[in-house]
Structures are given as structure tokens and as C-alpha cells.
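Go by the hints and put chain P onto chain V.
2 protein chains.
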Amino acid sequence: VSAAIKALTFDVFGTVVDWRTSIIAEGTALGERLGVTLDWAEFADAWRGLYQPSMDQVRNGHRPFAKLDVLHRESLVTLLERFAITSLSESEVDALNHAWHRLRPWPDTVAGLTRLRTRFTLATLSNGNVALLTNMAKSAGLPWDAVLGAEVSGHYKPQPEAYLKTADLLGLEPQQCMLVAAHNGDLVAASKAGFRTAFVARPTEYGPNQTRDSKAEHDFDYVANSMEDLADQLECG
Amino acid sequence: VSAAIKALTFDVFGTVVDWRTSIIAEGTALGERLGVTLDWAEFADAWRGLYQPSMDQVRNGHRPFAKLDVLHRESLVTLLERFAITSLSESEVDALNHAWHRLRPWPDTVAGLTRLRTRFTLATLSNGNVALLTNMAKSAGLPWDAVLGAEVSGHYKPQPEAYLKTADLLGLEPQQCMLVAAHNGDLVAASKAGFRTAFVARPTEYGPNQTRDSKAEHDFDYVANSMEDLADQLECG
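Protein chains in written order, with this note's numbering: chain V, 51 to 287; chain P, 51 to 287.
Isolated chain V, as found in the complex (with noise of 0.2 Å):
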């Protein structure tokens, strides 16, 4: 199989970062910064929550695309208001707001990214909208050769056009693509598509109880662990 794969394309949130840990962490110190006090795990997981329901908005053509730093926002102003906090200013929210352009990398994923990219192109394939991934990217040292997906595509996934347009974009058949995801549903999509596909297990994604995608329910062509995983499964330095 790997002979014919020209570029890996990546899911980024939760398959290359940690978002729930990220989001606890910048919730944690800016609750101490104004003595606010709450379970900040839970409003990243209320947070992520409001995810995909966003997106649906745009998927089911009920609004034109929109970033994800717009939808973010908005989910962001809900759930203020939900957690009582009330003493953010406008550029407080935003500066919240981009806690999802700084989301830090799996211990594993600096390491196995520069292994693989010695002989992938290496792009982005995520709902994240591109300046959100370029500058996770800098601040997170995420070794790109491109930063695709949803936005350059006009679709979220799993929309058939959020990985048909990367794959144009990159130059490649779909064949000559592989999604790396930590999501099932994510790669079955792709696979639809006809990209080639790449599980990686990420059980604490959710947190400790967590309860889907701990494993590959698929036959995806490759299963790993971790980056570092598959770029020993694809011979990578």
C-alpha cells in the first residue's frame, strides 16, 4: 500500500493535540487570573460539545461556510453565559477564543511528524479553519508542508469535498492520499472518498471515561498507536 501514498493528510484535533487537556489548562489559569472558580473540564467537553452541532449549521446548508474560529467564538459566547461568567471583555473572549490556536501536540507527535514527513508531503485535513492551524502549527513546532482542509475546501468533513478538494489541492488522486485520524468516522469518510487510511489511538481524547473511537471498528489499512507507531509501520527514518 504505502508505495502508492504521496501525502499523509492529518485530522489535527485530538488525532496530532490534546484539546481537552489544552482548553482545561487555559480555562484553569484564566479562572485564576478572575477568581472564577469552575469545573473547567467539563466546559471544554460543554465546548467541544457545541462542535458539531455548529458545523451541522453549514453541513445542512442552513448558513454559508463560516470558520471555525467564528463558530468557536459563538459556541464560546453560549456557554459564558450558560457558566455565569460575565466579566470577559470583548478581546478577553477572543483571547479565549484562540486558546484553540494554541492547543499543544501528543508527546509522541513532534517526534513521529518529522519521521514521516522524511518521506510524505504532510497536510493538514481538518475542520480547523487556517490560521487557527498555522499558528497551532508555529507555537506547537507541527512540521506542515501544507495547511488544508475545510476552509481552502468550502466543506467540513465529512463532506465528500473537504477531501477531494485537499487531494486536487495537493495535486493528488485520492488514492495517492492517506487520512491519519484518531476518529472512525472520520476515516470511513475518507475512505469513501477514496483515500487511503490510517487509524491512531487516542483513548483519553475524551477524557478518562471515555467512550468512542478508542479503537479502530474498521479495516483501515494501517492501526497505530501513536506517530511514532506509524512511522515504524511506514519506514520512516
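Heads up, a few of these hints could be off.
Because identical chains cannot be distinguished in the list, a pair is counted as satisfied if it fits within a single copy or across any two copies.
[Unchecked claim] Each computed EDC-like pair below joins lysine to aspartate or glutamate, with the alpha-carbon atoms no more than 20 Å apart:
| no. | residue 1 | residue 2 |
| --- | --- | --- |
| 1 | Lys242 | Glu267 |
| 2 | Lys117 | Glu211 |
| 3 | Lys56 | Asp144 |
To be clear, the hints were calculated from the coordinates, so they are not data collected in a lab. Being a predicted model, the structure only gives us computed values, none of them experimental.
Relative to the frame of chain V, chain P by itself:
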């Protein structure tokens, strides 16, 4: 000025890479393989001569947006006929067309970009397509944070959408972006779109008898004679 600038966006052909010398070298090597004697400098100049006219067909609405790889190949087919080169297979034409994916950087480029990247986000703002620029970056070692420009904008420079969409994708206002280019017209168009401007002189881009763009003809924010010089002026590393 520079404190307000968050991203440097780059013209690529001529500014970052020396397309003419690179195409001449690729042609010369091909000619030797084929046993064809040809003035490859004339061929390179003729190929580049069809560049603006081919994009004009898109700019003026006579055809829908087509990526530069497609336009380059159409021009190449025209020139192979004009230069009476009949022995190339389709895949050899493709391979020659991809010479644009393998253009070599100017001697100061990689060191200069590496320094500039310590302080700014670096993105392409090129009429080259994403695959061309991504492949070039890998072969030439160009440290882009994001590969943007005409293809993701759906518009070729100097149309304003190319600059404005690139800034929008970076999550920035136009005045937070600076175009770095060796071409006066490109910089004037960027300035009209609200960008800051940096002219980097490439007085041999068009060969030894260059008559245009030898120097800055407008009041740009920065005027430099190399990427290293620009890095000095912007106090990078």
C-alpha cells in the same frame, strides 16, 4: 511599521526562486538526453512569455479558474510545437512541466526566510498552485508556514481577491500583512489592497539584459537587495 506586521507573504517566481536559470538547466539536461540542440534560454523566456497571457484568460473571465500547472502545460505544448520538439511522450511532457515544481532558490533565500520566520508567519502569495509550491518547498527547503495565493483564492494576482483572501485565510487584516516581491506591479496591487510592501531586487531574474523591475519604482515600505538584507532591516535573528 514592522511592529504591526504579523505575516510576510511572498511572491515566489523570481522573488524566491530563480525560474529562468532553473528552466534552462532542466531543458539543457533534457536536450542532452534527447539529442536535441536548442537555445534553452530562448525556450525558457518563451515559456515565461506565455505566463501572463494564459492567466489573462482567467482574469478576464474567458475561462474558469484553472491552476497554473494546467496553464503551464498548455503553454508547453504550444512551445514544443513551435520549437519542433516532437519526440516527447505525454509523461515526458508532464515531467518537463513539473520543472516548475523543482525551481531552485536564490542563494540568499533559505537563510533569509529562516531568519524572517523567527518573527513572522511566512506564507506564499503566488500565482503558482498549491501542489507546485508545496513540492518546490520540499525540494528547495523553503520554510513556509502556509502555502496560499491564487489557487485558494480562485483569482490570479494582481486581482485584489488574491491578496484579500490570503489575508483572510491568515486571520489578519490586510495592513497586518506585507507582500515581499521583486515586481513593482505586484507590490502596487498589494498596496491598493491594503498590504504593506517590501521590494527585493532581483536584477538578473529575466537574464543578463533585464530591462524591467531592476529597482523599486514606488515608495514601498522596505527596499532590500536580498532576503538576508530584508531580515536585517526587519531585525530578525
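Verification of the hints:
1. Within a single copy, Lys242 and Glu267 get their C-alpha atoms as close as 15 Å, which meets the 20 Å cut-off; across copies the closest is 53 Å, which misses it.
2. When the C-alpha separation of Lys117 and Glu211 is checked against a cutoff of 20 Å, the pair qualifies both within a copy, at 16 Å, and between copies, at 18 Å.
3. Within a single copy, Lys56 and Asp144 get their C-alpha atoms only as close as 38 Å, which misses the 20 Å cut-off; across copies the closest is 17 Å, which meets it.
Every hint, counting from the list given before, is met by this structure.
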